[in-house]
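K.L.:
Now for the letters of each chain:
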Amino acid sequence: MPATIDDPRIIEFDVRTEEMLVNMGPQHPSTHGVLRLVLRTDGEIVSEVTPHIGYLHRCAEKIGENLTPRQWIPYTDRMDYLAGMNMNLGWSLCVEKLLKYELPERGRHLRVIIAELGRMASHLVGMGAYGLDLGTFSPFLYAFRERERILDLFEEACGARLTYSYLTVGGATADLPHGWTDKCLAFLDQFEPVIAEYHTLLTTNAIFVKRTAKIGILSPEMAIDYGCSGPVTRGSGIDFDLRRDGEPIYTSMYEGYQFEVICERNGHYPNDHAYPAVPREAVLGDCWHRFYVRMLEVVQSIGLIRQAIENYHRSSGSHGEPIKLNQKLPKGEAYLETEAPRGQMGFGIVSRGEAIPWRVRARSSSFSNLAVCPELCRGCLIADVPAVVGSLDVVMGEIDR
Amino acid sequence: MAEFFNYLLDCGAYALSGGRWSVAPDNLFGVVVTALVQVIILLHVIAVGALIFIWLERKVAGRIQDRLGPTRVGGKFGWLQTLADGIKLITKEDLMPAGADGFLFKAAPYVSMAAALAAYFALPFAGSPLPFVAQQLNVAAFFIVAVLGLEVFGVILAGYSSASKWALFGSMREAAQVVSYEVPLGLCAVVPVMLAGSMDLVVVGDTQRGLFTNWYLFHDPFTFVVFWVYFTCGTASVNRAPFDLAEAESELVAGFHTEYSGLRWSFFFMAEYGSMFTVSMLAAILFLGGWHGPLPVTEWLGMQADGWLEYSTSPGIAAYLCNLIGMTNVVLKAGLLVTVMMWARWTLPRLRIDQVMTTCLKYCTPIAAVMFVGAAVWQAALPRGLMLRTPLANIAASEPWQRGAEPVVQTSGIAVDKEAR
Numbered sequence: 053m054p055a056t057i058d059d060p061r062i063i064e065f066d067v068r069t070e071e072m073l074v075n076m077g078p079q080h081p082s083t084h085g086v087l088r089l090v091l092r093t094d095g096e097i098v099s100e101v102t103p104h105i106g107y108l109h110r111c112a113e114k115i116g117e118n119l120t121p122r123q124w125i126p127y128t129d130r131m132d133y134l135a136g137m138n139m140n141l142g143w144s145l146c147v148e149k150l151l152k153y154e155l156p157e158r159g160r161h162l163r164v165i166i167a168e169l170g171r172m173a174s175h176l177v178g179m180g181a182y183g184l185d186l187g188t189f190s191p192f193l194y195a196f197r198e199r200e201r202i203l204d205l206f207e208e209a210c211g212a213r214l215t216y217s218y219l220t221v222g223g224a225t226a227d228l229p230h231g232w233t234d235k236c237l238a239f240l241d242q243f244e245p246v247i248a249e250y251h252t253l254l255t256t257n258a259i260f261v262k263r264t265a266k267i268g269i270l271s272p273e274m275a276i277d278y279g280c281s282g283p284v285t286r287g288s289g290i291d292f293d294l295r296r297d298g299e300p301i302y303t304s305m306y307e308g309y310q311f312e313v314i315c316e317r318n319g320h321y322p323n324d325h326a327y328p329a330v331p332r333e334a335v336l337g338d339c340w341h342r343f344y345v346r347m348l349e350v351v352q353s354i355g356l357i358r359q360a361i362e363n364y365h366r367s368s369g370s371h372g373e374p375i376k377l378n379q380k381l382p383k384g385e386a387y388l389e390t391e392a393p394r395g396q397m398g399f400g401i402v403s404r405g406e407a408i409p410w411r412v413r414a415r416s417s418s419f420s421n422l423a424v425c426p427e428l429c430r431g432c433l434i435a436d437v438p439a440v441v442g443s444l445d446v447v448m449g450e451i452d453r
Numbered sequence: 003m004a005e006f007f008n009y010l011l012d013c014g015a016y017a018l019s020g021g022r023w024s025v026a027p028d029n030l031f032g033v034v035v036t037a038l039v040q041v042i043i044l045l046h047v048i049a050v051g052a053l054i055f056i057w058l059e060r061k062v063a064g065r066i067q068d069r070l071g072p073t074r075v076g077g078k079f080g081w082l083q084t085l086a087d088g089i090k091l092i093t094k095e096d097l098m099p100a101g102a103d104g105f106l107f108k109a110a111p112y113v114s115m116a117a118a119l120a121a122y123f124a125l126p127f128a129g130s131p132l133p134f135v136a137q138q139l140n141v142a143a144f145f146i147v148a149v150l151g152l153e154v155f156g157v158i159l160a161g162y163s164s165a166s167k168w169a170l171f172g173s174m175r176e177a178a179q180v181v182s183y184e185v186p187l188g189l190c191a192v193v194p195v196m197l198a199g200s201m202d203l204v205v206v207g208d209t210q211r212g213l214f215t216n217w218y219l220f221h222d223p224f225t226f227v228v229f230w231v232y233f234t235c236g237t238a239s240v241n242r243a244p245f246d247l248a249e250a251e252s253e254l255v256a257g258f259h260t261e262y263s264g265l266r267w268s269f270f271f272m273a274e275y276g277s278m279f280t281v282s283m284l285a286a287i288l289f290l291g292g293w294h295g296p297l298p299v300t301e302w303l304g305m306q307a308d309g310w311l312e313y314s315t316s317p318g319i320a321a322y323l324c325n326l327i328g329m330t331n332v333v334l335k336a337g338l339l340v341t342v343m344m345w346a347r348w349t350l351p352r353l354r355i356d357q358v359m360t361t362c363l364k365y366c367t368p369i370a371a372v373m374f375v376g377a378a379v380w381q382a383a384l385p386r387g388l389m390l391r392t393p394l395a396n397i398a399a400s401e402p403w404q405r406g407a408e409p410v411v412q413t414s415g416i417a418v419d420k421e422a423r
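Going down the list, the sequences are from chains C and B. Under this note's numbering, the very last position in the first sequence is 453; numbers go up by exactly one each time. Under this note's numbering, the very last position in the second sequence is 423; numbers go up by exactly one each time.
Since the hints were derived computationally from the structure, they do not count as laboratory data. This structure is a prediction, so every number in the text was calculated from the model and none was measured. Take these hints with a grain of salt, some might be off.
Said to hold, decoys possible - Straight-line C-alpha distance at most 25 Å; calculated PhoX-like pairs for lysine-lysine: (1) C:LYS262 x B:LYS364; (2) C:LYS383 x C:LYS235; (3) C:LYS152 x C:LYS376; (4) C:LYS149 x C:LYS114; (5) B:LYS61 x B:LYS78; (6) B:LYS364 x C:LYS266.
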């Protein structure tokens with residue numbers, strides 16, 4: 053054995069440890085359902101992450117090709133099961149695009165109320181579960197406490213708490229019950245001041261910032277290359293929201309509404325005067341920004357719902373009559389993307405003139421958002437993997453369909 | 003107590019042999035029986051303590067999370083919820099993974115539990131006039147800090163023998179964590195020891211008698227900082243959030259105890275709660291005046307007057323009362339610190355392993371070292387402190403450790419003895 057080692061690389065070679073393949077999921081507390089990540093680790097350092105999907109595949113598209121559009125509505129509920137209303141809306145609008153159906157004014161505002169409430173409920177889960185991913189349990193329960201009230205409102209409107217099938221092709225299955233909007237406004241009044249507490253509990257918490265800032269930085273170019281959407285891209289500073297930039301049939305729903313697309317412009321968020329400023333450590337596109345965008349979007353949704361309730365009461369007409377279950381579809385095809393809580397949820401339909409579509413397609417936003425995960429997790433620590441995956445806020449039901 | 007048992011044996015021997023046999027007061031028999039009695043009492047202290055703290059944790063967590071916590075088992079407040087859980091755990095199947103190292107896997111929970119238990123031997127619950135401690139050690143502070151470090155071996159063994167990658171990660175993290183927090187923890191514990199001039203916890207506690215301004219927490223600005231550093235490191239040493247990396251649920255499933263179930267798992271749990279209380283007790287004794295309340299009521303009432311200290315002949319009832327009050331004081335202080343740990347656990351996210359090591363090694367260690375020097379200089383320059391410190395006359399007259407320590411060491415465990423009877 054030599055007394056001295058001249059080449060420092062020799063030492064490095066000697067102490068290099070064995071790589072280990074670790075299976076994170078599909079039964080793992082922080083993989084949001086049944087995501088399976090295979091980690092290649094060197095100690096705590098992750099060199100490679102490979103997501104494996106398909107554990108929740110239910111052949112939704114194929115089923116859709118054997119059902120009429122209205123019959124397929126309950127299947128859309130089960131895609132993004134945290135935002136069933138928004139899934140209903142996406143599919144309904146897609147079929148309405150094919151039918152060239154014009155929704156009555158009142159139904160339009162009703163949809164805005166419901167869709168934004170759905171977005172709030174979804175973002176609340178995203179926020180709470182993200183806290184859980186980082187090891188704090190209480191925000192999860194706070195988030196669920198508020199979500200519970202949204203679910204109560206949904207239950208009153210449609211009778212279901214998770215799989216609503218409420219918004220449907222042609223409008224909604226029923227109008228909002230009497231006195232519902234007052235309860236909704238009461239909830240908003242109670243909820244709005246509470247958001248500041250969430251910010252102190254999580255957003256500005258020193259440990260939270262340490263765990264999320266500069267972690268999983270997603271550059272705008274990479275976000276676009278991978279087809280990411282929703283809060284994930286807006287967290288990277290891309291000013292794009294289908295509610296404002298989408299197709300006319302979707303943006304017309306939000307016509308006359310005042311709201312801002314949440315993303316950092318010139319180093320500022322639209323309403324950071326009311327909520328905590330971006331910490332110094334945070335870099336645009338990191339986990340912290342993705343989380344913050346969701347939190348601010350909840351505030352925007354509150355404003356939208358307030359306007360929508362006002363418009364709803366002012367407007368005339370019906371909430372929209374659902375089309376017949378077996379209505380013949382015109383020949384042709386339609387594809388429409390809507391701004392679901394997790395990003396651009398696209399639905400496509402190809403009809404050959406029968407009641408049952410020939411081809412049904414769902415484009416999942418979470419699928420593309422998850423695809424950047426291997427890029428974001430390269431070289432991070434094991435503890436950062438849940439932080440990154442949680443900040444992408446994927447729902448496996450939507451990815452696998 | 004050993005004398006008492008030997009006296010009983012002596013009586014028996016005398017009666018049987020008609021006066022020919024006698025048993026010396028320091029016979030091994032009495033010592034062994036005493037040790038057994040003390041072990042049984044301490045086991046119950048730990049078990050019941052864990053029972054109460056787990057219940058408390060659930061209640062605290064419930065309140066923090068805007069829910070009620072347990073409400074059904076054992077009446078309105080769910081007192082017996084932990085017991086019900088314990089019964090459930092006992093009846094669960096004791097599983098062992100196929101590839102596990104059987105001996106180590108089975109031994110690991112006991113190693114943890116034994117280490118947590120061992121710390122209680124030197125942990126005084128009350129000092130003057132009667133030290134209420136199983137074994138008054140003249141190096142108690144050192145002993146407890148050392149033994150707390152032993153608990154880690156159980157965790158590392160568990161992770162190593164489980165044949166699970168998650169468990170291995172957990173134990174490796176624990177190993178990395180232990181080398182980070184042990185250094186500042188020891189440095190912090192040394193500061194009150196230095197101020198008291200003794201490692202004997204009874205002495206450390208008794209030098210803080212009097213008004214609460216005599217507590218080492220308020221001794222000088224340095225010790226005030228040291229207390230918080232100690233508490234941070236203590237939280238890390240018992241694997242409580244935000245330092246619960248070894249069992250980080252969202253990352254490592256359950257960390258080192260992923261593969262454990264039933265009773266073995268509950269041993270880890272009891273060890274955790276046991277050492278959580280030990281660390282808090284140590285903090286209470288080292289910094290918060292131990293068994294001395296914020297106001298020296300017992301001294302004002304004259305219960306601690308010199309006459310009461312003559313326990314070797316016949317300790318007065320007031321001395322026992324004094325002990326009881328002291329014990330309540332120290333348990334309440336430690337309980338408060340435990341509650342703060344719970345509060346932190348249910349509020350804060352978890353740190354990352356590199357951040358824990360940074361916190362402990364790069365911040366806590368230098369701070370503790372500087373504070374140690376600062377406290378030493380302060381003690382040398384201002385031995386009586388500033389106006390804050392109100393030394394009582396009897397402290398000045400005779401230093402308490404010069405009165406109490408020596409006979410107590412010889413007749414160890416006398417307080418537990420009385421309680422056991």
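K.L.:
All hints, please: hold or fail.
P.N.:
Do the hints match the structure? See the list:
1. C:LYS262 x B:LYS364: This hinted pair holds, its Cα atoms lying about 16 Å apart.
2. C:LYS383 x C:LYS235: violated, 43 Å
3. C:LYS152 x C:LYS376: holds, 15 Å
4. C:LYS149 x C:LYS114: holds, 21 Å
5. B:LYS61 x B:LYS78: Since the Cα atoms of LYS61 (chain B) and LYS78 (chain B) sit roughly 12 Å apart, the hinted pair holds (cutoff 25 Å).
6. B:LYS364 x C:LYS266: holds, 21 Å
Hint violations for this structure: number 2 only, all remaining hints satisfied.
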